[in-house]
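2 protein chains.
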Amino acid sequence: MPISREVHLITRPHGMPQASEFEIVETNVPDAADGQVLVQNLYMSVDPAMRPRLTSGQALNEAMMGGALGRVVQSKSPDFAVGDLVNNRLGFREYFVSDAKGLSKLTPAEGLPLTVHMHALGMTGFTAYGGLLFIGAMKEGEQVFVSTAAGAVGSIAAQIAKIRGGYVVGSTGSDDKAAWLRDEIGLDAVINYKTQPIRQALEEATPKGLDVYFENVGGEHLEAALRRMNTLGRIAVCGMISGYNEGQAPVRNLSNIIYSRVMLRGFVGTDFMHLQPDFQRDMAAWLREGKIKYQETVMDGITSAPKALIGLLEGANSGKMLVKLAD
Amino acid sequence: MPISREVHLITRPHGMPQASEFEIVETNVPDAADGQVLVQNLYMSVDPAMRPRLTSGQALNEAMMGGALGRVVQSKSPDFAVGDLVNNRLGFREYFVSDAKGLSKLTPAEGLPLTVHMHALGMTGFTAYGGLLFIGAMKEGEQVFVSTAAGAVGSIAAQIAKIRGGYVVGSTGSDDKAAWLRDEIGLDAVINYKTQPIRQALEEATPKGLDVYFENVGGEHLEAALRRMNTLGRIAVCGMISGYNEGQAPVRNLSNIIYSRVMLRGFVGTDFMHLQPDFQRDMAAWLREGKIKYQETVMDGITSAPKALIGLLEGANSGKMLVKLAD
Numbered sequence: 004m005p006i007s008r009e010v011h012l013i014t015r016p017h018g019m020p021q022a023s024e025f026e027i028v029e030t031n032v033p034d035a036a037d038g039q040v041l042v043q044n045l046y047m048s049v050d051p052a053m054r055p056r057l058t059s060g061q062a063l064n065e066a067m068m069g070g071a072l073g074r075v076v077q078s079k080s081p082d083f084a085v086g087d088l089v090n091n092r093l094g095f096r097e098y099f100v101s102d103a104k105g106l107s108k109l110t111p112a113e114g115l116p117l118t119v120h121m122h123a124l125g126m127t128g129f130t131a132y133g134g135l136l137f138i139g140a141m142k143e144g145e146q147v148f149v150s151t152a153a154g155a156v157g158s159i160a161a162q163i164a165k166i167r168g169g170y171v172v173g174s175t176g177s178d179d180k181a182a183w184l185r186d187e188i189g190l191d192a193v194i195n196y197k198t199q200p201i202r203q204a205l206e207e208a209t210p211k212g213l214d215v216y217f218e219n220v221g222g223e224h225l226e227a228a229l230r231r232m233n234t235l236g237r238i239a240v241c242g243m244i245s246g247y248n249e250g251q252a253p254v255r256n257l258s259n260i261i262y263s264r265v266m267l268r269g270f271v272g273t274d275f276m277h278l279q280p281d282f283q284r285d286m287a288a289w290l291r292e293g294k295i296k297y298q299e300t301v302m303d304g305i306t307s308a309p310k311a312l313i314g315l316l317e318g319a320n321s322g323k324m325l326v327k328l329a330d
Numbered sequence: 004m005p006i007s008r009e010v011h012l013i014t015r016p017h018g019m020p021q022a023s024e025f026e027i028v029e030t031n032v033p034d035a036a037d038g039q040v041l042v043q044n045l046y047m048s049v050d051p052a053m054r055p056r057l058t059s060g061q062a063l064n065e066a067m068m069g070g071a072l073g074r075v076v077q078s079k080s081p082d083f084a085v086g087d088l089v090n091n092r093l094g095f096r097e098y099f100v101s102d103a104k105g106l107s108k109l110t111p112a113e114g115l116p117l118t119v120h121m122h123a124l125g126m127t128g129f130t131a132y133g134g135l136l137f138i139g140a141m142k143e144g145e146q147v148f149v150s151t152a153a154g155a156v157g158s159i160a161a162q163i164a165k166i167r168g169g170y171v172v173g174s175t176g177s178d179d180k181a182a183w184l185r186d187e188i189g190l191d192a193v194i195n196y197k198t199q200p201i202r203q204a205l206e207e208a209t210p211k212g213l214d215v216y217f218e219n220v221g222g223e224h225l226e227a228a229l230r231r232m233n234t235l236g237r238i239a240v241c242g243m244i245s246g247y248n249e250g251q252a253p254v255r256n257l258s259n260i261i262y263s264r265v266m267l268r269g270f271v272g273t274d275f276m277h278l279q280p281d282f283q284r285d286m287a288a289w290l291r292e293g294k295i296k297y298q299e300t301v302m303d304g305i306t307s308a309p310k311a312l313i314g315l316l317e318g319a320n321s322g323k324m325l326v327k328l329a330d
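Protein sequence lines, in the order shown, are assigned to chains R and G.
Under our numbering, residues 4 to 330 are what the first sequence spells out, in order.
Under our numbering, residues 4 to 330 are what the second sequence spells out, in order.
The shape of chain R in the complex, shown without the other chains:
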């Protein structure tokens, strides 16, 4: 019966969360009963999507929810053996007992760090892969635009588009990120939308128009892209950060899609689960060959979890933010 430390939210934040709104609590975790497994979390994922749950959704004074990668340390389930790695939604704690229903077994990719399963080889990378190749139906050598191209999903989408022989334009919000996209990732053109007018910059960056737009922003980004879409172009809508509040970020030139016969399609990763085997094979190979680059920030120990979350929301991370809980 291990002792587990877990992170509780004790007060709801207003604006930026404060360390004092969280508490680290020790708890005794029971042994696995029949049909159950006891899991030790190795890494937990810290994501921007957690912020709204702190305001509403996340219960106070209990272990917080969040993505994690753990290892089975006791099993009374026929489906899991001791040593199995499992993806779970019970992060922010060191150990938990589970009836195993919310767990999915992970076969670690050989020759790669385990953490890639938390981003490039996980749902983040899969969303980029399916969004670009299935929803966006990108073909070899096409003209591609990725917004927030230095972001978790965007940076993978942009690199897959390069691997597939595309001419790839990315937008981002800082000169540092723009330099990374240009110099490290090798995009064909990079737009800093905070210092360049997106409409004009995109026009100049896309002399052959656009076949695929991997959309994360909405509003002016989408208007600029709609002006550049080629006939039968595809817009894979992964997010519209500028338009999450209705009433903001109007789009005025949607009628452009008619004569160019453009498709826009909203999606989430579960829309193309049949691509998982292809994705695992392709992405593991690309990572091994160094064709997909990623950034991650790994903080150490459960006690650093609140700081990791606050740091993420303040932009202190480079790439994926993780907390390492155990070896």
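Honestly, the hints are just simulated from the structure, not real lab data.
The beta-carbon is built from N, C-alpha and C at its ideal position, and this holds for glycine as well.
Do not rely on the hints blindly, as some may be mistaken.
[Unchecked claim] Short derived list, chain R residues pointing at chain G, Cβ under 7 Å:
#	residue
1	V240
2	L267
3	D274
Starting from the known structure of chain R, arrange chain G on it as the hints suggest.
Frame of chain R; chain G shown alone:
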């Protein structure tokens, strides 16, 4: 060598065209030379899309362009026989000689008036058929909304949706048209968008949400529909009459498509030409069985063509506007 009368534009209109801006001119049409056919037009189509061409595109002092259905009266082409019916873009004239490149042969549907090939069994009906069933991928019994449902394309789309067992809501701009849609066409709900707020009216008319929106309007219509789309819904974008001028008719809630994973797709009829055999079979059967209703206004003789065009633009027609040129 027949004498052909043809309609010339002699002065460009400002605002509503005037009869004095057109002239009926007699011309001698040569006999067909090798590889050519001589065609007598039987019916010509009068369409709203002609208006912008009068301002720009249509040459002055020559026969105007427009869709027509004609009959081959002389043939020196191996591809056509005397008596063949041909669709052509050389309306607004009684006869013409052609190298046959722009002609497509028409096999008239048995038991139906020839004029249905100019609307319900022609490109208008095909646009509705493919837009609803292929682009919109409407399945039996789904929830469907058609804007400008009393229009040429909309009225066919709405009726096909009914035939396919859908719950169908239509919008239109007058009480007369609303009554026709409700009483003659049998739609499940009809919205007069000039007297009812579209957002509230559509919400009340769609208790089960929307699976398919056949879009002809854009702007507030689209915003209202986006609020009602079910998961994996499809928006087939045939037109956006309210948004043809960039800067008008903004859409503010496009991000709705993400979590509902909705697709929008602009299209034209040539995007699904492989469906022509299915369309011809289905639509001819529906017309024979009286399942598809249509309205047409047929004026008589080439000299009435300017009046027919002006009448169309003034809304004097019910349904498709045609001019009959010969039996």
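Here is how each hint holds up against the structure:
1. V240: At 6 Å from the nearest chain G Cβ, V240/R passes the 7 Å test, so the hint holds.
2. L267: holds (5 Å)
3. D274: holds (6 Å)
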